[in-house]
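**Student:** Between the sequences and the hints, there should be enough to build the whole structure, so can you do that?
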Amino acid sequence: MAEPAFEPALIIVDFQEDFCPPSGALAVANGRSILTTLNTLLAYPFVLKIATKDWHPAGHISFASSHLGKEAFTSFATITNPQNPSEKYESRLWPDHCVQGSPGAELVRELDLSKVDRILEKGQMASVEMYSAFYPPLSSPRVGDSGLSALLKEKGVTDVYVVGLAADYCVAATAEDA
Numbered sequence: 038m039a040e041p042a043f044e045p046a047l048i049i050v051d052f053q054e055d056f057c058p059p060s061g062a063l064a065v066a067n068g069r070s071i072l073t074t075l076n077t078l079l080a081y082p083f084v085l086k087i088a089t090k091d092w093h094p095a096g097h098i099s100f101a102s103s104h105l106g107k108e109a110f111t112s113f114a115t116i117t118n119p120q121n122p123s124e125k126y127e128s129r130l131w132p133d134h135c136v137q138g139s140p141g142a143e144l145v146r147e148l149d150l151s152k153v154d155r156i157l158e159k160g161q162m163a164s165v166e167m168y169s170a171f172y173p174p175l176s177s178p179r180v181g182d183s184g185l186s187a188l189l190k191e192k193g194v195t196d197v198y199v200v201g202l203a204a205d206y207c208v209a210a211t212a213e214d215a
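Read in order, the letters of the sequence shown correspond to residues 38 to 215 in the working numbering.
Please keep in mind that the hints were generated in silico from the structure rather than gathered at the bench.
Small disclaimer: the values here were computed from a predicted structure and weren't measured.
Heads up, some of the hints might be wrong.
[Claimed, not checked] Derived pair list, reagent style BS3-like, types lysine-lysine, alpha-carbon separation capped at 27 Å:
hint, residue 1, residue 2
1, Lys107, Lys125
2, Lys192, Lys152
3, Lys152, Lys190
**Tutor:** Structure below.
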């Protein structure tokens, strides 16, 4: 009997300067400490190796600075589906981070990008938050799609390994959507 197919993909979520010490706007404590592990994983024979980037335009809805009188970490904003005003959710507000073209939006330079097959940018819509590398949480109708699901299917991926920063937001949302 033939072995079942095993075509794994690796998704490295948001290993960017703004999520790492010493100067990241949303630095995860000891965030850089996973670098060696990530580069080790990149050496394994995954069918597909993807690195994601939070890639926000200036004035993004998730930035506290975009909401008068709101503070990062403690304030929330209501995010509304632009195609269905009855679909809404509350989202925590953050300091400005991973602004397109800024040094903080760059992947950590010591990450071995020569072994990454694709860099996927997410969070580009100014009015919608996108923690997951697959889709924003608005689904009636779905607002945006990174194309990641289609890419995984195209490559025949059977299993997905999700790693990166920060586990409680973007990594978790990506793993749940995988």
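**Student:** Each of the hints needs a verdict: does it hold here or not?
**Tutor:** Hints, verified against the model:
1. Distance hint between Lys107 and Lys125 is fulfilled; the C-alpha atoms sit about 19 Å from each other, no more than 27 Å.
2. Only pairs whose Cα atoms come within 27 Å are accepted, and Lys192 paired with Lys152 is accepted, the gap being roughly 17 Å.
3. The hinted pair formed by Lys152 and Lys190 meets the criterion: a straight-line CA distance of about 20 Å does not exceed 27 Å.
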